[in-house]
Amino acid sequence: MEKKKKKWRLNKNFLPGLAMVGPTGLWMIAFMLLPLIYVIAISFMTKGLFGGVVWTPTLKNYQDIINPVYGKVCLKSLKIALLTTLFSLLVSYPFAYALSKVKKRWKSICMLLIMVPFWINGLLRLNGWVTIFRETGPLNTLLTKLGLPALNFMYTETAIVFGMVYTFMPFMVLPIHTSISKLDSTLLEAASDLGATKLHTFLRVILPLTFPGIFAGSIQVFIPSLGAFFISDIMGGGNTMLLGNLIKNQYLNARNWPSGAAFSVLLIVFTLVVMQIYTRLGGDMDEMV
Amino acid sequence: MEEKRPIIRLDHVTKRYGDNTVVRNVNLDIYEGEFFTMLGSSGCGKTTTLRMIAGFEELSEGNIYLENEDVGNMPPYKRNVNTVFQSYALFPHMNVYKNVAFGLVEKKMKKEEIHEKVTEILNLVQLSGFEKRMPSQMSGGQKQRVAIARALVNNPKVLLLDEPLGALDLKLRKQMQLELKHLQQQLGITFVYVTHDQEEALTMSDRIAIMNNGVFEQIGTAKEIYEHPKTKFVADFIGESNVFEANVSEVKEDGSLKLIMEYGDMEAYGDGFEQNEIVYASIRPESVKCSLEPVNGFNIRGMVKEHIYIGSIIRTTIELPNGQLVKKCAQPDDDFKPVGSLVYLHWSPDKTVVMHTNEDKLYDLIDAGE
Ligand SMILES: Nc1ncnc2c1ncn2[C@@H]1O[C@H](COP(=O)(O)OP(=O)(O)OP(=O)(O)O)[C@@H](O)[C@H]1O
Ligand SMILES: [Mg+2]
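Going down the list, the protein sequences come from chains A and B.
As numbered in this note's numbering, the first sequence has no gaps in its residue numbers, which increase by one up to the final residue, 321.
As numbered in this note's numbering, the second sequence has no gaps in its residue numbers, which increase by one up to the final residue, 1061.
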């Protein structure tokens, strides 16, 4: 009796459930899971003579990774991703904090100002910066007119970090803003009541309580800056090789798909490790936007 | 309270939000070591007054003195007062020990000293052994105790409490009322307590301020306020009472007054009333008596409308010819008259509280003008 009833209930929910999850599930399988398996698979295969893949299993692609040149690329990628995260944080926190303090009408305007650039292609926006910063660009013209030394900013690592901070900042602002808005203002009054100055209130109450936002934002900036290649292409002028560039080069220039796949797997592993650290330290995936 | 030393003085304090005056020109002395309660209905400005003392709200006018020091513009972290918030406001990322130690750490006290004080105060609020607990793992009553300990450990001159028991169930409330009163007597710290529960105010306080619409209607001990309300609002607000509007027809030499109402007249005592003045006369239900014969000095006729038995007490409603209902409560066998009887109401004249009306009228005018 009991069992029959249960089965009937399951059937009743099964079809609507499938209808809800099914399309997304199919989409994920077709465009996420299968390509991923394919990439992992070809990373263990041999490169064809004129590009393409020869289906002979080998570990050569991974053995090639263990090479000081690539090690340097990885380290540089890590360094730039870390710097990007740090500077995004330094810029975003005060911004998110101010955002939570302004009146409602201004808040939506500020939000809009963050979101609008997203609707314009990132390449276009970055090229806009290139135009401004370039050696004979308007900024330097202005500086020389004012009698100041011209900036030699373009095509350096600093320019790459700038481009990355600029591109990924919204991912930092939004989670921080969310956790600051969740902050109960009576807690700040309580701190002040107990003798804490504004600075101490910030350090002892606000900062620790908004840490989930900082954490989530940092992860969301760190991961894409590890893999992004077009920013270093544009802002670094191709002078700086990052992990993303390496992968792109292996696939498109060297036409060595198995090697590119191996580097992709390396990047995925990096990402998984970072995510693992995040959840281990108590981070909540729901904090992500 | 042998010698009364004001520890807090509010000097012509006014608070406005835009055009809305929330606290009107309040003058108030709170004495050292007393349990002072601000009582009033919702929205009358109690919290605002308390927050101005704590320093969370700026004054629109006037000044506040703490031990004769002008603290009107002093930020909260410099004032030697501490607050117990209604919502507890415990720091969710700190355990009980760290919450309680927060203020002491700000004072840069030594670790051992902090440990000693925190242990002692947790003992006092019966929370020893809870040091490592996080606020999210505690019940409402326990959180409330942590909040009280966190404030008291700083040994403030004054402890401000804004409806600290509001979120607790009735039984716990009663228990915490006793504990709080105990703590206050034990430590001798001045408590300024905000509540809208009159029973709580009457049982706990040394003095009560009845607040209405941004002003203190009356400040006094529970007994004074209950027995001699100064305004109609206070008479209505504290306990139950029957309020009559009357005209002073005669002021006799022995201080007694003859009052004439729309239906009937009565005798009362009162100082400072003039002939032909319109006054309010207030009488508590437990003082009202009724008889079948007129009683000397009184002539108020009515009809018994309803009896309600509440335990050993019987509550009677008597309707006057103009429709006003008079409440009476007594022991069942005292002077019971069946429903429908025509009775004469009377009471001992010194139980009547006579109040001026002009003050109220004035406020009505001001309100209408705004
Ligand atoms: N920040 C504010 N801005 C504008 N008006 C306010 C503000 N805070 C309080 N008020 C108004 O001031 C009045 C008094 O508020 P207050 O919080 O002091 O009342 P209360 O006596 O504590 O009431 P309750 O018993 O409900 O807590 C209310 O009418 C309220 O709407
Ligand atoms: Mg309040």
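Rather than coming from a laboratory, the hints here were simulated on the basis of the structure.
You may find that some hints are simply not true.
[To be verified] Restraint-style ranges between C-beta atoms, simulated for each label pair:
#1 A:T218 <-> B:K799: 20 to 28 Å
#2 B:E807 <-> A:P240: 23 to 31 Å
#3 A:S140 <-> B:S733: 31 to 39 Å
#4 B:Y756 <-> A:T229: 57 to 65 Å
#5 A:L215 <-> B:D888: 25 to 33 Å
The beta-carbon is built from N, C-alpha and C at its ideal position, and this holds for glycine as well.
Whether the CB-CB distance between A:L215 and B:D888 falls inside 25 to 33 Å: holds (31 Å)
Hint check for A:P240 and B:E807 - Cβ pair distance inside 23 to 31 Å: holds (26 Å)
CB-CB spacing for A:T229 and B:Y756 relative to the 57 to 65 Å hint: 23 Å Cβ-Cβ, so the 57 to 65 Å window is violated.
Whether the CB-CB distance between A:S140 and B:S733 falls inside 31 to 39 Å: Since the Cβ atoms of A:S140 and B:S733 sit about 33 Å apart, the hinted range of 31 to 39 Å holds.
Range agreement (Cβ of B:K799 with Cβ of A:T218, hint 20 to 28 Å): Distance hint for A:T218, B:K799 holds at roughly 25 Å.
Of the numbered hints given earlier, the model fails hint 4 alone.
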